[in-house]
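So the sequences go chain by chain: A and B.
According to our numbering, the residues represented by the first sequence are 29 to 670, in order.
According to our numbering, the residues represented by the second sequence are 29 to 670, in order.
These are calculated hints, taken from the structure and not from any lab test.
Beta carbons are placed, not taken as given, at the ideal position from N, Cα and C, and that holds for glycine.
There could be a bad hint or two in this list.
Once the Cα atoms are required to be at most 25 Å apart in a straight line, the calculated DMTMM-like pairs of lysine to aspartate or glutamate come out as [said to hold, decoys possible]:
hint: 1; chain 1: B; residue 1: LYS330; chain 2: A; residue 2: GLU611
hint: 2; chain 1: A; residue 1: LYS670; chain 2: B; residue 2: GLU96
hint: 3; chain 1: B; residue 1: LYS74; chain 2: A; residue 2: GLU593
hint: 4; chain 1: A; residue 1: LYS330; chain 2: B; residue 2: GLU622
hint: 5; chain 1: A; residue 1: LYS330; chain 2: B; residue 2: GLU593
hint: 6; chain 1: A; residue 1: LYS639; chain 2: B; residue 2: ASP630
Footprint (simulated), chain B over chain A, 3 or more residues, beta carbon under 8 Å [as the list claims (entries may be wrong)]:
hint: 7; region: 342-352
hint: 8; region: 565-579
2 protein chains.
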Amino acid sequence: MKSSRISVKNFHADDSFVGRVQKLVREEVIPYQYQVLNDALPGVEKSHAIENIRLAAKKLRVEDIGAEEFYGFIFQDSDVAKWIEAAAYALAAEPNPELEKTVDDVIALYGSSQHENGYVNSYFTIQAPEKKWTNMREAHELYCAGHMMEAAVAYYEVTGKRELLDIMSKNADCIFEEFMHHNTAAYPGHPEVELALMRLWRATGNEKYKALAKHFIDERGQEPNYFWKIEEPNRGWNVWSGSAEQDSDYTQSTLPVREQKDAVGHSVRAAYLYTGMADVARETEDADLLSACRTLWNSITKRRMYVTGGIGSTNQGEAFTVDYDLPNDPVYAETCASIALMFFAKQLLENEHRGEYADVMERAFYNTVLAGMQLDGKRFFYVNPLEVIPGVSGKAVTHRHDLPVRPQWYACACCPPNVARVVSSLGAYAYSENETAFFIDLYAGGTVVTEKGLTLTCRTEFPHYGDVRYTVSGNAETTLAFRIPAWSENTKLTVNGEELALSDITCDGYAYITRAWQDGDNVMLTLDMTARVLYASPKVAADSGKVCVQRGALVYCAEEADNGEILPLFVREDAVPEALGFEPETLGGIVPVEIDGYKAEDNGMLYSARKPKLTEKKLRLIPYYTWANRGENQMRVWLPVK
Amino acid sequence: MKSSRISVKNFHADDSFVGRVQKLVREEVIPYQYQVLNDALPGVEKSHAIENIRLAAKKLRVEDIGAEEFYGFIFQDSDVAKWIEAAAYALAAEPNPELEKTVDDVIALYGSSQHENGYVNSYFTIQAPEKKWTNMREAHELYCAGHMMEAAVAYYEVTGKRELLDIMSKNADCIFEEFMHHNTAAYPGHPEVELALMRLWRATGNEKYKALAKHFIDERGQEPNYFWKIEEPNRGWNVWSGSAEQDSDYTQSTLPVREQKDAVGHSVRAAYLYTGMADVARETEDADLLSACRTLWNSITKRRMYVTGGIGSTNQGEAFTVDYDLPNDPVYAETCASIALMFFAKQLLENEHRGEYADVMERAFYNTVLAGMQLDGKRFFYVNPLEVIPGVSGKAVTHRHDLPVRPQWYACACCPPNVARVVSSLGAYAYSENETAFFIDLYAGGTVVTEKGLTLTCRTEFPHYGDVRYTVSGNAETTLAFRIPAWSENTKLTVNGEELALSDITCDGYAYITRAWQDGDNVMLTLDMTARVLYASPKVAADSGKVCVQRGALVYCAEEADNGEILPLFVREDAVPEALGFEPETLGGIVPVEIDGYKAEDNGMLYSARKPKLTEKKLRLIPYYTWANRGENQMRVWLPVK
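Pulled out of the complex, with its shape left as it was, chain A reads as follows (with noise of 0.2 Å):
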């Protein structure tokens, strides 16, 4: 059963999780990162990302700019998409009209840079123009060009302003004649564009962009291939020196990707791709397509993803490895690619409402995307660790990329924008709907309206607590169909007070009720807030002998700042995990889990034949989301058994 997600618009947090998280973005992570795009943090990586916009602008009027140059990397221009399109989100839940100026400026500055034919990139216009188009594999051109026409599509959403809708239109028919009239076999080495065209094909009506998205899935790893047979021996430049051997898969460009049956290369790139794939599929009624969606997601999902929702195991091409190659430490699981996760969960789901895309979707979201920010907002995870040894992390040649506390900004700053954009937005993930049927895919505290005139008033402290309350204003006769989670073993539904059989009207993970909803009615969702201990398939080498605790959506783990060191603590044979009280002070408000287990003694020696005498510990647990927000310190999720 297809269904569309709801436009943020639709939406509008409380001050419940989601809601305070929503609020941080709006008034630290946006502000701080428009900051950062305009060198403006004394000490913090500089951006650029603005001035090279004004750069390139300068150059189409001018033509010689003298010595200024591009700086950055050559898809520098992608922050400020993402950062608009945060910032539409933002005034969708609450008025800024400072804030909408300065994005109104930025648009105006965008569009000043835009070429007489719609060409539009900071780098090309500035270092380049000659050479654009040139180099799809690396070149991120059309990867910018999509996380604009998101922005485009996003602002136009909220506040109704065409102006950047009408600036990657013309951008879009500029690479729509590209690459269908002249350059055929092309597409691109960052996939992006494709789930972007489709957006803006959603927003505009312009069947060209969605006939241009399905193009360029459609060439994608086609013989001969694109990028080594054709385009490399053309071209005589690179972006990055040295990329040695000719890797196919680092682009999903092996095979069609019809063929394609193993997730694999770099993550965020396959999860964009898969992302535009689920969405095609859909909007074209390919069935071939979204069953290779489907081999994918269960690639990703029941062989290549960690508890945390995280994907990509190392950082050699941020890329996913092999089936159950899920080392804690070194590892990758990018902030980004959790993030593009939750986009194909999403699309799944848009195509078929079954509950396993949203229970991923809720397992990235909630521990590794949200980990990616400090609680303050000010400082970010690209890597997403599951174990974290100071002395090791970070240090070791081969931890180098795996940080035990958070910077304030990165070179390559693709995730802190990608997180501040998916959290505003977060009323499209947690909710759908179709002509029949309105559908609760997360829980987010606040008030949502739906196309059958409904409003529902979500109250809920989730993630932490397990009480989800909806309140109907409005009368209609539908379906609303309330995900039940399979972490939630025993679930207790009732619509106004009246228990319902659960199973009677459950199906692949969705509760359906469907009546004559009338104003006031309500619905209390008590889902199973047991903490748990997980155990990993035994073929995942790394986490043999070892147990994490899942509360809920929450992953937890221990870290040293409450438990001393981390290394010598085992958790007990057996040991049940106990929720402690929320604590309202605690790493912004949380519940913390104990659990019985032992620390070993370290009697100094590497090898001993000494067992290690162990004394009795209760170990405490946080939610993996809050780690490394108490300064350095060793964190593992995946603990030892005794």
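Add chain B to chain A, keeping to what the hints say.
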């Protein structure tokens, strides 16, 4: 108490363990490797090492050699050197006129490639005579020279033939001239020549060589850094492109050697350097230098060594990383590095007889070094992982170097001939002596002649059994010092059937027996061969919740060939490993060990709150050195405990 190793000529192995491995090396490995060096084995990685020397000799005579080129790594000569050295030791064990003739021919060929001034190196002679000595950091000229000096000393020692000794003395004179009079701040990027010069000094009595060894050691790491501050800016060529960052740890040149506290960088370079340092310390009575050696020894053996005696935790730079970072896979633990660790251990023993040095030497030899060679002597490991999962090992981008089975040869073929030479010369590692005592450092069946005129005949099936019986021939009043390994918790020592109180006569791991030894005396050493469970320090994150089994000197592992899939297996908490009887037909003859454990069911879920069902299972373990002799299969040294 200082001592000296015995001459390889003074030990003759019988047909027990060491003798059998030596015989394998003589009969299989040395002929096989000679064929490889001559490119005579189709389908095996090409070496071309002999042809390079022929070409260099030709170049010296005719200059224009047409299109013929040097082939292989810049240190290809060193493979020939190590082969000659191994062949020399083989000749000590058993006359072989054909082999001796072959070696003589290779030496004559090598001599004809020597320049008038003593310089000899096939790469520089053929490809770049004008560049010699300009790239100390990368070009391995002194490394190749050092290996050939070692070969020269060995061949002279065994055969009395001086030709190669004279060639290498002339070469050493040339090196002395260059580095003591001209390029005095320089030292080798790959240490090796230091230890070789010490051997050459002992063989020739020429004090210059000792002075030169000391000079290289003293110059290393002085400011300004020779490699990066002096050489690099003046060079204009590199052996390897993209030597990215200025990593002076890689070559152990960040600090003067006396100030170095941690074993860092390329682990083979490190241990060769430390070996040279320990030798110079002994021979120059340099207490500071010995103290630095002890510090580095502790860094390795107390914090950076695998239980198999492997060193070097990462393939990135084939290097040490940081304390307690000992992942079982990926790993490096290069065969050569454990050989170098044996060298270092033996040099320290010669400085001061402490059992811990011999214990580590034994650990490295019986585990990683022997694992470096297939039981048939025809395949070799470069990297020695402690865990292998086919499908991950050798496949995942992070595990490409961790192979599940031994290849026939390597483009960079340092390890195979290194194994051959250390096995063939094991007598020199097994015994040492000084004016007052004769030391038994390792247990090796066979006959050894002492300086005091005693002949000891050792009968033992060590490492499979712990009875070691020595019979004395001749008469002399002297001390025999028997090593009591730390792993032998209950050791019995009798002289002519009468048990001695070990605690009265044991100091630092050696039992000293001083008496007027008479023809027919016998000493019976009964080592404790109880198989024991070992625990790693809690600081070793990779081994949390895991144990391994050691019996005597042998570390054991579980292989799929014996147990089915290894990943679901656990050792039962407090299970007592039990040694089975000797199985002559299994893996060349081993004593397998059994231990109670469990197999976890695989419920097919990647993560699950359902505790996996366990079924009892006896695990069968085999000595680590015999792993991967039955095709690709899962293997683990460290096993999780339930």
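For each hint, the structure was consulted:
no. : hint                  : verdict
1   : B/LYS330 <-> A/GLU611 : violated, 42 Å
2   : A/LYS670 <-> B/GLU96  : violated, 64 Å
3   : B/LYS74 <-> A/GLU593  : violated, 51 Å
4   : A/LYS330 <-> B/GLU622 : violated, 34 Å
5   : A/LYS330 <-> B/GLU593 : holds, 20 Å
6   : A/LYS639 <-> B/ASP630 : violated, 29 Å
7   : 342-352               : holds (count 8)
8   : 565-579               : holds (count 9)
In this structure, the earlier hints numbered 1, 2, 3, 4, 6 are contradicted, and the remaining ones agree with it.
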